[in-house]
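Participant: Since the structure of chain A is already known, use the hints to place chain B on it.
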Amino acid sequence: MDLSHNQQQMAVISDPKDFDERSGSLLERLIFNNRALLVLGCLVITLFFAFQLRGMTVNASFDKMLPHSHPYITNYLENREQLRGLGDSVRVVIENPKGDIFNADYLATLAKINDEIFILKGVDRAWMKSIFTPVVRWVEVTEEGFTGGPVLPNDYDGSAKSIEDLRINIGRAGVVGSLVANNYKSSMIQIPLLSKDGDGNAVNYHDLSKSLEDIRARYASGPDAKVNIYVIGFAKLAGDLIDGLQKVMTFFAIAAAIATFIIYMFTRCVRSTGLVLFCSLVAVIWQLGLVVTFGYGLDPFSILVPFLVFAIGISHGAQKMNGIMQDVGRGTHKLVAARYTFRRLFLAGLTALLADAVGFAVLMVIDIPVIRELAMTASLGVAVLITTNLILLPVLLSYVGVSPAAAKRSLKEESDEIKGRGMGKLWACLDHFTERRWATIAIVASTVLGVIGFVVSHDLKIGDLDAGAPELRPDSRYNQDNAFITANYGISSDVFAVMVKTPPDSCRSFETLTETDRLAWHLAQVPGVQQTVSLADTVRNYTAGGFEGNPKWITVSDNQGLIDAQIGNAMSWNSEFLNTQCSLIPVLAFLSDHKAETLDRVVAAAGEFAAQHDTKDRKFLLAAGSSGVDAATNIVVRDANRTMLLYVYASVILLCAITFRSWRAVVVAVLPLVLTSVLAEALMVKLGIGVKVATLPVVALGVGIGVDYALYLLSVQLAQQRMGYSLGEAYQRSVAFTGKVVALVGVTLAAGVITWAWSPIKFQADMGILLTFMFLWNMLGALILIPALSHFLLKGETVKNHVMSPAEKALMPEEALQD
Amino acid sequence: MLPIIKKAGVVASLLLIASTQAGTALAFDNPINIPAAQSKIGATSALLGSAVAGTRIVAVGLRGMIIYSDDAGASWTQARVPVGSDLVAVNFPSPKLGWAVGHGGVVLHSSDGGATWTKQLDGVQAAELALRHFQGSGVPDAAMLVEREKNLQAGGGTQPFLDVYFESETTGFVVGTFNRLFRTTDGGKTWTPWMDRTDNPGELHFYSIRGRAGSLYLTGEQGAVWRFDKASQRFVQAATPYKGTLFGLVVTDKDTVLAFGMRGSLYRSDDQGRSWEKASLGTPAGITGGVALNGGNVLLTTQAGAVNLSRDDGKTFQPVKTSRPMAYFGLAPLDDKRIVLVGAEGVRLESIQ
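Protein chains in written order, with the working numbering: chain A, 1 to 819; chain B, 820 to 1172.
So that you can see chain A by itself, here it is in the shape it has in the complex (with noise of 0.2 angstroms):
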C-alpha cells in the first residue's frame, strides 16, 4: 500500500452506505461485517469467565516460590517430611504488661487461650506444648533416681501456693527460653500442626491465621486487655501473605480510578472513557477467567497480571479513542472510523502488544514455578487484549461512538499541537534535543547519570535485607512479633539446616555423631552464625542428665550403649533432632540475619564440609530451614538476573532490528533503557532492596514493555525521516503525533503498578516502586534521549521519495498523512 492508496481508502464518509463493505483486510471483513455475532460471541465468553470466577482462590504458596531445580531445594524437599523442626508450626506468645507470669489472672487467660487454641482445626494436639499442657514435664535426678511430674502442677488451683510450685517445675523443666521468657514476662504456647486435618483436606492458614487473630482480637485489645498477644509462624505469615493479598485486591479500584481520570483527562468523552474501561475490565475478566479455567489461583506475584494488563489495556484503548475521535471530529460515521481506526492502528497495536509479550516470556528461563505462573498467565493477559481491546473495542466503538463535542475538541487540539500551541509547546521544547546543543547536554548528563548509577548499582545486593520474614514490610504486625520473640526467646527466626542422611537407624552411631557435632562445630564457627545444635547436643545433654547432671559427661560417649539411651529418649520425647527411622538428623544453624554474605559464608562451609566428610552411608546434604531456601534462592537468583537481561535485551534489540531495519536506531532504541536497567538497579540500591524473586520480572517488564516508548516514537520519527524530513521536523511531528500516547502509555502504566507501594506485602511493594520508576523513567528517557541519540546517529536516515511500510504508516494519524 503506498500513501495515495491509502488516503483514498480513508476518506471522510459521513454516511455508512457510501462506504465500501468489502475494503479493508481479509480479517477487518471478517470483524466488522460480522460484528453483532462478534459482539454476541464475547458476551457469551465473558460470561463465562466471569462465572468461572466463582472458582477463584487466593493463596500464597511458598513452595512456588522455590526453585525446584537446585540440588539444595531438592534435598530439602525430598526430606521435608522428615524435619520436624522445620515443619509447620505456630508460636504464640502470651505477654502480662503489667508483671510476670506468675500472677493469677495471667494464668487464668492463659489457661482459656490454651484450651481456644487446642481445639483449633489443624492442631496437631498431641505434640502442643505450654506450660499448661501434660507433654512438658520437668525431670530431675534425685540421689533415688529420675523424679518428674507436668510443669502444671496436678493440683493446681491459682493459688498462690501452686503459682509458687509452677514457679519451681518451670525451673527444673529447663523451659525458660523455650516456653517461657527470659524476662519471665511472657509465656509461649507452641502449636505443631498436622499436615492434613481431619477429614484429609491440607490445613487452611488462612482460616487458622483468622481464628488466631480472633482470639488476639478478644483477649488482647481494648484499653483493659490482660495480656499482649504475639503470633509468628509460617501459616500466621502465610495467612498474612493472603490478607495482604486481598488488600491488594482492593488496589485494583484505586488504579483503575486513576485510569479512569487519565483517559478522561485525555478523551474528555464519558461514553467512550466508560468503553475503553468496560473494554479492560472484559480484558481482565478474560485473564482471570482463564486462570481459574487453568487450575491456577491468585498469588502474590499473578496479582499482578490484572494491574498490568487493565493499565496496558486502558492505554492502547486509549489510542484507538484517539484515531476514532478525530475521524468523527471530521465528520467520518462511527461506524467507518472505527474501521479506519482499525485499519489503522492493528498491526502497530499487535506489534506492541508482541514487544510486552517478549518480556513477559522471557521469564520463563527463571526455574521458579511463581515466576512462570506469572509468564504463563501474563502472556495470556496479553493475548486476551489483542482480542478485547484491538478488535471488540473498534466493534463496540462502531456501535456506541463518541460524543460530537470532544471529537471535534481532539481535532483541534490535535492541529493545535502540531502547530505549537497549547500542550504543543511542551512537545516542541523536546524538539530541542535534536539540536547539537542539546543533544550533547542530553547525553553528557545521561553519561554522568549512568556513571553515578552504574558506581552504586556495585553495591547492589542479592537476596532480602530487612530482618524478619522479608515477605512482610519490617514494621508489620508480623515481624514486630517475630522481634519480640526473637528478643525474648533467643531464637533467631533465620535458621540453615544441613541435613545429615544414614541408613535407617544409622542416626545413633558414634561414628554418625561425631561427625554431626564436627559440623555443627564447623558451622559455628562462620561469623554470622550465632548458634549451632544438633542430635549430638541432645545427646551430650542427655548423657550428663543420665550421670546426675554432671558437666563432665556433657559428651557423646564413644560407648554406644549410653548413646543408644539417650536416643531412646530424644525418640520417646518426641526430639525434632531426628526422624523416627533415625535415618536424618538436621543440624541447624542459627544465623544473625540472611544478608547474602552471611549464607555465602555458611553454605561455603558447609558445602566444604560436606565435601570432605561425605562417605557412601552418611551424606551432609544442603539445605533446609528458611534460611538454606533463601541461600538456594539468592543462588538461582543471581544466575537468573544475568540470563535474564541477557535474553530480554536480546529480544528487545531483535524486535527493534526488525521494526527499524537500522543498526543505529536500534541502539538509539536500547540505550535509554539501558540507562534506566543501570538506574533501577542504583535505586534498589538506595531504597535497600535485593535482587531477588520478585524483582527478577521487573527487569524483564522494564525493558519488555519500555521499549514500547521507543518503538511508537522512532518508527514515526524514521517514517518522517524517510518520507524526507530532517530530523528536527520528524521528531517534531514524531512527538506530535505520538508524544500524548507515549505520556500516557507511561502514566497509565505507572498509575496501574503505584498503588503496589501500599501493599502490606514488601516485596509487591518493592515491585510496585520499581516497575512505577521503570514505566515512568523509560517514558523520560525515550521522549529525551530518543532526539538526542539521534541528532548524533540517525541524522543520515533522512532519505526522499521514500515509501513508508504500513506499520509505520498505522502509527500516522490522518493530519499527518494528509500532509
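If you're looking for bench data, these hints aren't it; they were derived computationally from the structure.
Honestly, I wouldn't trust all of these hints.
Said to hold, decoys possible - Listed next, with one range per pair, are the computed distances between beta-carbon atoms: (1) A:147 to B:1170: 35 to 43 angstroms; (2) B:896 to A:445: 30 to 38 angstroms; (3) B:935 to A:174: 32 to 40 angstroms; (4) B:1056 to A:195: 35 to 43 angstroms; (5) B:896 to A:139: 21 to 29 angstroms; (6) A:74 to B:1022: 46 to 54 angstroms.
Claimed, not checked - List time: in silico DMTMM-like cross-link candidates among lysine to aspartate or glutamate, alpha-carbon distance up to 25 angstroms: (7) B:859 to A:639; (8) B:1097 to A:597; (9) B:1097 to A:143; (10) B:859 to A:81; (11) A:619 to B:848; (12) A:185 to A:199; (13) B:1062 to A:143; (14) A:121 to A:81; (15) B:859 to A:600; (16) B:859 to A:124; (17) B:1062 to A:144; (18) B:1062 to B:1096; (19) B:969 to A:18; (20) B:859 to A:608; (21) B:859 to B:1096; (22) A:616 to B:848; (23) B:938 to B:1018; (24) A:226 to A:115; (25) A:461 to A:639; (26) B:1062 to A:600; (27) B:1097 to A:140; (28) B:1097 to A:144; (29) A:334 to A:124; (30) B:1062 to A:729; (31) A:129 to A:140; (32) B:969 to B:931; (33) A:196 to A:124; (34) A:795 to A:435; (35) A:98 to A:157; (36) A:185 to A:143; (37) B:1134 to A:608.
These figures come from a predicted structure and were not determined experimentally.
For each residue, glycine too, the CB sits at the ideal point set by N, CA and C.
Facilitator: Only chain B this time, still in chain A's reference frame:
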C-alpha cells in the same frame, strides 16, 4: 615398674581397633586420633576445667579445646592439641608442666605451659595397658581385674578419665569410670594401673582426685570418698552419709575436707574423712567446682550460676556477686583478688573481695 609402651605397639593396637570398627563407616577419624579443629570461639564455648600455670590461665573443654591467656583473660589463644575428644580436667603442678584428661581416655601433656600438647595415653592404650599389667601379675585380685577390663573392652568404646591431679612435676594420678585409676612417677612417660589399690568393690566411677601436702582424696558415685592411706599405699573408704554423686572435693590449708556434688550436697570433715557433717549453700543446684584459697577461704561454684565464698574454713558460705552468671563447671584462683570461672558459656574472670 611397667615396661614403657612402645610406639609401634600403640599403632598396631589402634589399627586393630580401627579395623574392627570399620564396618559402619567408610572414613571416620576417631577424635582421639585427630587434632582439635581450629576455632576462634573457644573462650565462649563450654569449658569444663581451668588451671593457672604461673601467670598463664589455661582452660579445657569440649572437642579438644584448650585455650590459654597470658593477659589475665583479655585475649585467648587456642593451644595445639593432638585430639578432638571432650576434655574435662586440667592440672598444672608447675608453671611449665601440665596434664589434661577427658573422654576417649585421653591423657595430654604440655611442657611449655599449655601452648602445645602431646598425647601420653588414650583409652585404647589404657585398656591394653591394664590388661597387660594385671595378666600374670602377682596382685591379689589379678584374675578379677583382668576379667573386669575384658568386660569393659567387650562393651565397646573407651573409658574416660574424669580428673587429673599431680602431686609434683613427676608424680600424678588420672581417674575415671569403673574404678579406673592410673599413676605415674615419671611425668607421664609410663602409667601404672592402680585399680588394685582401691577399696571400691562396686566399681564406682571416680569423679575427682585432689590433695594437699601429702594428703590425697577421691570422690565418686553414691556419696563415696576415698582417702589415700600411706601405710597401706591404698585408697581406703572415707564415705559420707550421702547417697548421691559427689562431683568433687576441696582440701583447705587447715586440712579440712569439703566434698560436694549433685543437688547442692556439701559435706565437711575435719578429721580426714573419718566423720562428716552436712553443710549447705542453701541451693538445690549441683555444686560443680571448688578451690581452697589461702587463709582458710573456700570458693564453690554451682550449675545455677552461683559463686559462694567461705571465710571460716568451709563452715558457712556467702554468695559472691559475679558480672554475668552462667552455669559454672569449675574454677581456679588467678591471684588473691581474681578467679577464673569456666562453664557453659566459656571462661570469665571475676574479682572477689
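Participant: Going straight from one Cα to the other, do residue 1134 of chain B and residue 608 of chain A come out at no more than 25 angstroms?
Facilitator: violated (56 angstroms)
Participant: Are the Cα atoms of residue 859 of chain B and residue 600 of chain A separated by 25 angstroms or less?
Facilitator: With Cα atoms ~19 angstroms apart, residue 859 of chain B and residue 600 of chain A stay inside 25 angstroms; holds.
Participant: For the pair we were handed, residue 859 of chain B and residue 124 of chain A, check the Cα-Cα distance against 25 angstroms.
Facilitator: violated (42 angstroms)
Participant: Given the hinted pair residue 859 of chain B and residue 639 of chain A, is their Cα-Cα distance within 25 angstroms?
Facilitator: It is violated: about 34 angstroms lies between the C-alpha atoms, which goes past 25 angstroms.
Participant: Would the pair residue 795 of chain A and residue 435 of chain A pass a check requiring their Cα atoms to be no farther apart than 25 angstroms?
Facilitator: holds (11 angstroms)
Participant: Within a Cα-Cα threshold of 25 angstroms, do residue 1097 of chain B and residue 140 of chain A meet the stated pairing?
Facilitator: holds (22 angstroms)
Participant: Is the Cα-Cα distance between residue 1062 of chain B and residue 143 of chain A 25 angstroms or less?
Facilitator: holds (6 angstroms)
Participant: Between residue 859 of chain B and residue 1096 of chain B, does the CA-CA distance stay at or below 25 angstroms?
Facilitator: violated (45 angstroms)
Participant: Given the proposed pairing of residue 461 of chain A with residue 639 of chain A, does the C-alpha separation stay at or below 25 angstroms?
Facilitator: holds (13 angstroms)
Participant: Verify the proposed pairing of residue 1097 of chain B with residue 597 of chain A, using a straight-line Cα cut of 25 angstroms.
Facilitator: violated (57 angstroms)
Participant: Is the straight-line distance between the alpha-carbon of residue 334 of chain A and that of residue 124 of chain A 25 angstroms or less?
Facilitator: Not OK: residue 334 of chain A and residue 124 of chain A at ~67 angstroms, beyond 25 angstroms, violated.
Participant: Check whether the Cα positions of residue 121 of chain A and residue 81 of chain A lie no farther apart than 25 angstroms.
Facilitator: Answer holds: residue 121 of chain A to residue 81 of chain A is near 20 angstroms, not above 25 angstroms.
Checked against the numbered hints given earlier, this structure breaks hints 2, 4, 5, 7, 8, 10, 12, 16, 19, 21, 23, 26, 29, 30, 32, 36, 37; the rest are met.
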